[in-house]
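With these hints in hand, go ahead and build the complete structure from the sequences.
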Amino acid sequence: MRVTLNGKIVDTECKSVFELGRGVGGGVNPDGGETVVILNGYQLSKDAGLKDGDTVSFIKKGVMPGRDELESMMAARHTPGAHEKLKAARVAVAGLGGLGSHIAVSLARLGVGELLLVDYDVVEPSNLNRQSYFISHLGMKKTDALKNQLADINGFIYVNTVDAFITEDNAANLFKGYNIVCEAFDNPESKAVLVSTLLSKLPGVKVVAASGLAGFGSSNDIRTRVNFGRLYVCGDETSAAEIGCGLMSPRVQICAGHQANMVLRLILGIDDA
Amino acid sequence: MIVNGKNIDQKETAALKDYLESAGYDPSRIAVEKNGVIIPKDKFSSETVCNDDTLEIVRFVGGG
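Residue numbers (this note's numbering), protein chains in the order written: chain A, 1 to 273; chain B, 1 to 64.
Mixed in with the good hints there might be a few duds.
Said to hold, decoys possible - Residues from chain B that keep clear of chain A, each with C-beta distances beyond 12 Å, as calculated: (1) D9; (2) E21; (3) S22; (4) S46; (5) C50.
Said to hold, decoys possible - Below 27 Å or equal to it, Euclidean Cα-Cα: the simulated BS3-like pairs (lysine-lysine) are: (6) A/K201 x B/K41; (7) B/K34 x B/K6; (8) A/K147 x A/K85; (9) A/K176 x B/K43; (10) A/K60 x A/K8; (11) A/K201 x B/K11; (12) A/K201 x B/K17; (13) A/K176 x B/K6; (14) A/K176 x B/K41; (15) A/K87 x A/K147; (16) A/K85 x A/K176; (17) B/K43 x A/K201.
In short, the hints are calculated from the structure, not lab data. C-beta: ideal position from N, C-alpha, C; glycine also.
Here it is, written out as structure tokens:
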């Protein structure tokens, strides 16, 4: 039978996953606890039968794999079949604040093959309560600070950045060629303009937007809803950032998680929220 | 007409902007689809609505 072993297709007569492991270059010891064994996205704690088409990874803890094996190992916990679709996908993120920075980190961990990250701003101290930046990033352009983080997370993706203020006039040109665009702005007027502009000027684009994530209301109020057939709005749609109501990490990250998961669903061909 | 799935009695043709304001929407913080077509913000004054129309309105609040 034919299986995928650490990213490479191999023919084997082995009946079980652990048996396959003992035959790997030098042999891994799947029973020893020093090797992580993953079968079709699931980490095994005991041996399992092997069948044609399986994807198996043996990862020795504390050993830096070669670049050719690293990418498949990084995707070993993905649901089978997802990695190839994600690698072929292109996604843009408009705004790299609390939402956009966390969306980008999720998409990098997913292995989305090409990202476009757009923001005009620099990292400042009040960003650190919710945005994916570090003290060492203060004063840096958000595009550069985020690109550096993503390079440390996943070196197998292309990350394009544009340091620009997004307007009604430049939005279509900036995002053309991207089938999925995440709206991750702070300002409600800017959200409305970007969403309307993208949907009216870029036929077929799917926009994953956010509305309503301020404060510390119930996590369960944040949801994803589809509108206009190709606009996904994540949030509780009511909790506005305003004087007396702040923006904090948990709900911002929950909402960013909704957006990133909707992007994942769209890439995997699932259109409903 | 139908607005976000609900039947609304709109006896006379009105400017979209007037309808939106009378219904309590802030025109600068929404995205509007009329009969399946996205209406850009600069067309809110020239676009009209009447009883046969279907509107879908998405409201944005700040925070990100």
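How the hints compare with the structure:
With a closest Cβ-Cβ approach of about 23 Å to chain A, B/D9 is found to remain outside the 12 Å limit, as its non-interface label requires. Separation of B/E21 from chain A is adequate, the least Cβ-Cβ distance of about 15 Å exceeding the 12 Å criterion. At the 12 Å boundary, the C-beta of B/S22 stays outside the reach of chain A, the nearest C-beta of that chain being 19 Å off. The claim that B/S46 lies off the interface holds: its Cβ sits roughly 15 Å from the closest Cβ of chain A, which is beyond the 12 Å cut-off.
With a least CB separation of 20 Å from chain A, B/C50 remains clear of the 12 Å interface cut-off, as annotated. For the given pair, A/K201 sits about 13 Å from B/K41 by alpha-carbon distance, which is consistent with the 27 Å threshold. Our distance criterion of 27 Å between C-alpha atoms is met by B/K34 and B/K6, whose separation comes to about 14 Å. For the given pair, A/K147 sits about 22 Å from A/K85 by alpha-carbon distance, which is consistent with the 27 Å threshold.
A distance of roughly 23 Å separates the Cα atoms of A/K176 and B/K43; the hinted pair therefore holds under the 27 Å criterion. Between A/K60 and A/K8 the CA atoms are separated by roughly 17 Å; this keeps the pair inside 27 Å, and the hint holds. The hinted pair formed by A/K201 and B/K11 fails the criterion: a straight-line CA distance of about 32 Å is larger than 27 Å. At roughly 21 Å between alpha-carbon atoms, A/K201 and B/K17 fall within 27 Å of each other, so this suggested pair holds.
Taking the CA atoms of A/K176 and B/K6, the gap is near 34 Å; set against the 27 Å cutoff, the hint is violated. Proposed proximity of A/K176 and B/K41 is supported: the alpha carbons are some 20 Å apart, at most 27 Å. Restraint check: the Cα-Cα separation between A/K87 and A/K147 comes to about 18 Å, which is no more than 27 Å; the hinted pair holds. A distance of roughly 20 Å separates the Cα atoms of A/K85 and A/K176; the hinted pair therefore holds under the 27 Å criterion.
The straight-line distance between the Cα atoms of B/K43 and A/K201 is roughly 14 Å, inside the 27 Å bound, and the hint therefore holds.
Violated hints, listed in ascending order, are 11, 13; each of the other numbered hints is respected by the structure.
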